[in-house]
Amino acid sequence: MAKMTLEELRKLREEQKKGLSRRDVENKDTQIIVGMGTCGIAAGAKETLNAFIQELEDSELNNVRVTQTGCMGLCYVEPTVEVIVPGMPDVIYGKVDADVARKIVRKHIINKALVNDHVYDKPAADIVEEGGAK
Amino acid sequence: MGTYNHYILVCGGTGCESAKSDQLYKNLIHECEKVNCKGSTQIVKTGCFGFCEQGPIVKVLPEESFYVHVTPEDAKEIIEEHIVKGREVTRLLYDKSESKKRAAIDEIDFYQKQFRIVLRNCGVIDPENINEYIARDGYVALEKAVFEMSPEDIIEEVKKSGLRGRGGAGFPTWMKWNFTKHAEDPVKYIVCNADEGDPGAYMDRSTLEGDPHSILEAMTIGGKAVGANYGYIYIRAEYPLAIKRLKIAMEQAREMGLLGDNILGSDFSFDIEIRLGAGAFVCGEETALLRSIEGERGMPTPRPPFPATHGAFGKPSVINNVETWTNIPVIIHKGGDWFAKIGTEDSKGTKVFALTGKIRNSGLVEVPMGTTLREIVFDIGGGIADGKEFKAVQTGGPSGGVITKDYLDTPIDYVHLKELGSIMGSGGMIVMDEDDCMVDIAKFYLGFCVDESCGKCAPCRIGGRTLYNILDRITKGEGELDDLHKIKEVGHAMQKASLCGLGQTAPNPVLSTLHYFEDEYKAHIKDHRCPAGKCKKLISYHILADKCIGCGLCARRCPVNAISGEIRQLHGIDQDTCIKCGECYHVCKFDAVYVR
Numbered sequence: 001m002a003k004m005t006l007e008e009l010r011k012l013r014e015e016q017k018k019g020l021s022r023r024d025v026e027n028k029d030t031q032i033i034v035g036m037g038t039c040g041i042a043a044g045a046k047e048t049l050n051a052f053i054q055e056l057e058d059s060e061l062n063n064v065r066v067t068q069t070g071c072m073g074l075c076y077v078e079p080t081v082e083v084i085v086p087g088m089p090d091v092i093y094g095k096v097d098a099d100v101a102r103k104i105v106r107k108h109i110i111n112k113a114l115v116n117d118h119v120y121d122k123p124a125a126d127i128v129e130e131g132g133a134k
Numbered sequence: 001m002g003t004y005n006h007y008i009l010v011c012g013g014t015g016c017e018s019a020k021s022d023q024l025y026k027n028l029i030h031e032c033e034k035v036n037c038k039g040s041t042q043i044v045k046t047g048c049f050g051f052c053e054q055g056p057i058v059k060v061l062p063e064e065s066f067y068v069h070v071t072p073e074d075a076k077e078i079i080e081e082h083i084v085k086g087r088e089v090t091r092l093l094y095d096k097s098e099s100k101k102r103a104a105i106d107e108i109d110f111y112q113k114q115f116r117i118v119l120r121n122c123g124v125i126d127p128e129n130i131n132e133y134i135a136r137d138g139y140v141a142l143e144k145a146v147f148e149m150s151p152e153d154i155i156e157e158v159k160k161s162g163l164r165g166r167g168g169a170g171f172p173t174w175m176k177w178n179f180t181k182h183a184e185d186p187v188k189y190i191v192c193n194a195d196e197g198d199p200g201a202y203m204d205r206s207t208l209e210g211d212p213h214s215i216l217e218a219m220t221i222g223g224k225a226v227g228a229n230y231g232y233i234y235i236r237a238e239y240p241l242a243i244k245r246l247k248i249a250m251e252q253a254r255e256m257g258l259l260g261d262n263i264l265g266s267d268f269s270f271d272i273e274i275r276l277g278a279g280a281f282v283c284g285e286e287t288a289l290l291r292s293i294e295g296e297r298g299m300p301t302p303r304p305p306f307p308a309t310h311g312a313f314g315k316p317s318v319i320n321n322v323e324t325w326t327n328i329p330v331i332i333h334k335g336g337d338w339f340a341k342i343g344t345e346d347s348k349g350t351k352v353f354a355l356t357g358k359i360r361n362s363g364l365v366e367v368p369m370g371t372t373l374r375e376i377v378f379d380i381g382g383g384i385a386d387g388k389e390f391k392a393v394q395t396g397g398p399s400g401g402v403i404t405k406d407y408l409d410t411p412i413d414y415v416h417l418k419e420l421g422s423i424m425g426s427g428g429m430i431v432m433d434e435d436d437c438m439v440d441i442a443k444f445y446l447g448f449c450v451d452e453s454c455g456k457c458a459p460c461r462i463g464g465r466t467l468y469n470i471l472d473r474i475t476k477g478e479g480e481l482d483d484l485h486k487i488k489e490v491g492h493a494m495q496k497a498s499l500c501g502l503g504q505t506a507p508n509p510v511l512s513t514l515h516y517f518e519d520e521y522k523a524h525i526k527d528h529r530c531p532a533g534k535c536k537k538l539i540s541y542h543i544l545a546d547k548c549i550g551c552g553l554c555a556r557r558c559p560v561n562a563i564s565g566e567i568r569q570l571h572g573i574d575q576d577t578c579i580k581c582g583e584c585y586h587v588c589k590f591d592a593v594y595v596r
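Chains A and B, in that order, give the protein sequences. For the first sequence, my numbering begins at 1 and goes up steadily by one. For the second sequence, my numbering begins at 1 and goes up steadily by one.
Hints were generated in silico from the structure; no laboratory data involved. There may be inaccurate statements among the hints.
As the list claims (entries may be wrong) - Quick partial rundown of chain B residues pointing at chain A, CB under 10 Å, derived from the structure: (1) G86; (2) Y133; (3) F147; (4) R254; (5) D261.
Stated by the list, open to error - Think about it this way: if two alpha-carbon atoms lie no more than 30 Å apart in a straight line, the pair counts; the simulated BS3-like pairs of lysine-lysine are: (6) B:K488 to B:K456; (7) B:K113 to A:K18; (8) B:K113 to B:K20; (9) B:K244 to B:K20; (10) B:K247 to A:K18; (11) B:K522 to B:K486; (12) A:K17 to B:K113; (13) B:K144 to A:K11; (14) B:K26 to A:K17; (15) A:K28 to A:K107; (16) B:K85 to A:K28; (17) B:K113 to B:K159; (18) B:K244 to A:K18; (19) A:K11 to B:K334.
Unchecked claim - Every beta carbon over 10 Å from chain A, so not counted as near; a handful from chain B, in silico: (20) P304; (21) K418; (22) Q569.
Beta carbons are placed, not taken as given, at the ideal position from N, Cα and C, and that holds for glycine.
Let the sequences and hints guide you as you build the complete structure.
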């Protein structure tokens, strides 16, 4: 790279910050947990995961953590995804393909409304606590 | 730049590299390619995480899985299980409560009380990638310093911060800078002292390895403040990884116009050169360091004149150590007032300590000034290893002194350590337990200084040797009570009359252990007894008749065949043959061997 001016350095920093902030886990209050058990992967959870990451990228959301977990036990509606948004109930979505994933980002995370067709479980608080699913 | 599902951070500090983290890194990449996850997983080699006891360390994001003691062979499992299937490899997780419950990094006691300014980027960024440094607000301070601030503004900010030199003596940084700024000479130099030589101290090495750009940025800012256009980093050749990463960083910074002529298109120019030292302890002393940079023999010269006015090649020079420099970009970026809120009345900011010795969690620790020793040793360090009793902590390495149990609640800052007869030093912290003999420890540190003395001035050269001989006599049981008086006399003479810091501080460990553990010295002299069972001339091993079952293990292990006895019969040690290696004591499963 050639020598930079002040403006170029600032521009580069903004670009690089975006990249590094994805790694950062602080200040990320929203969580998307994708079930990546064998059943989930077989049902296409990888495409779902990639779709989430791409959609978050495109909508420039950087307060969201996308993590993976094992099988959630709802194997009949895989791929399953748990979405945790502060101030909203924790929701498990089922049959989440790439399109639904994009819908979840736009509707649930940005507009704070549930994607009703795909809600499969709103786990009771005590189960979440005890099971350590959180 | 792609988008990644996973980030794997592998520690690439010297500690972890010597535990094969480099091979682990390569294996991870290889395994990742095998399962076609290369595009979705970023593997980064970072600087030291500080938790060296548990190394090699691997952190996987976004799950924040904190894997410890990871071997190259574990790479396959991490990739196949965690990355592909999304299941944490529980057996590698840091075991917080022995229940294998997953511990997130912020739940680990070791990290909870720490506050990281100097180590802000260590274990977070790839030190060989300037872009990651820039992304973490790197070179923001440089922008400010070059384009928005006058030299006076910069020094004022450093003054407000209250930053004091982290190399040991704690001289206010802004004052040094101000002296050099006002020295009338067209040529001035900036020097970074990276000649870290205390036994057991490695914070500067880890900082250089984990965050080399912060030093370059800081020195450039210093150059602007005092009107210097050239800087030297004096680093010992024994730090090859730090040197390599510094060189890469310098090359990247030059290419991007952050170092060299007309920085960022401004009219300010600054460049840096690395000078390698041969690893002499005395070259950490600033005047000796300057002579070494000039190509002379590394020997100190009397001060005044001070380096601030007559430094490298006779020109006014600012010398600060690595840790001091690393604070500078943060102070300029966040402001001196922000920095001054951290720490105590006269010691601002944080201090990095290299915690070693008989401690459970060895490693690098950064805490706000004023944190108590108890918090560092017991909360962060996890207490003494193997359930032994805490005895003392040596701070300041061979120039410092011991702090005993009674003073565990002393807040650590420049003033309090001095009151206790120790010093902050560069930040080595060696923890000792009941098995450590204080006379032996004092002899060890003094021996180090005697070896490292340059020999230029008599108090250090002769005084050090005299003191050493006295201690040697005492550990052999040949000491006299008058020796204790002599120790004080010679020690105080060295403190007053030596030319440089090495000789002035060399008696500190002796005087301080004598002050706090006079009984132990007396036991050696009067009773010919070493209470800790360490001094070989004064101890002997014996076998307890009622505990020995005659298994013969000790006899088989004894390297000099000093133990004899029939199987299932009481064994005995021949004291004339015994070399007191302690092997029988350690191997006996029935506690039948004891030290007297």
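List, from low to high, the hint numbers that the structure doesn't satisfy. none
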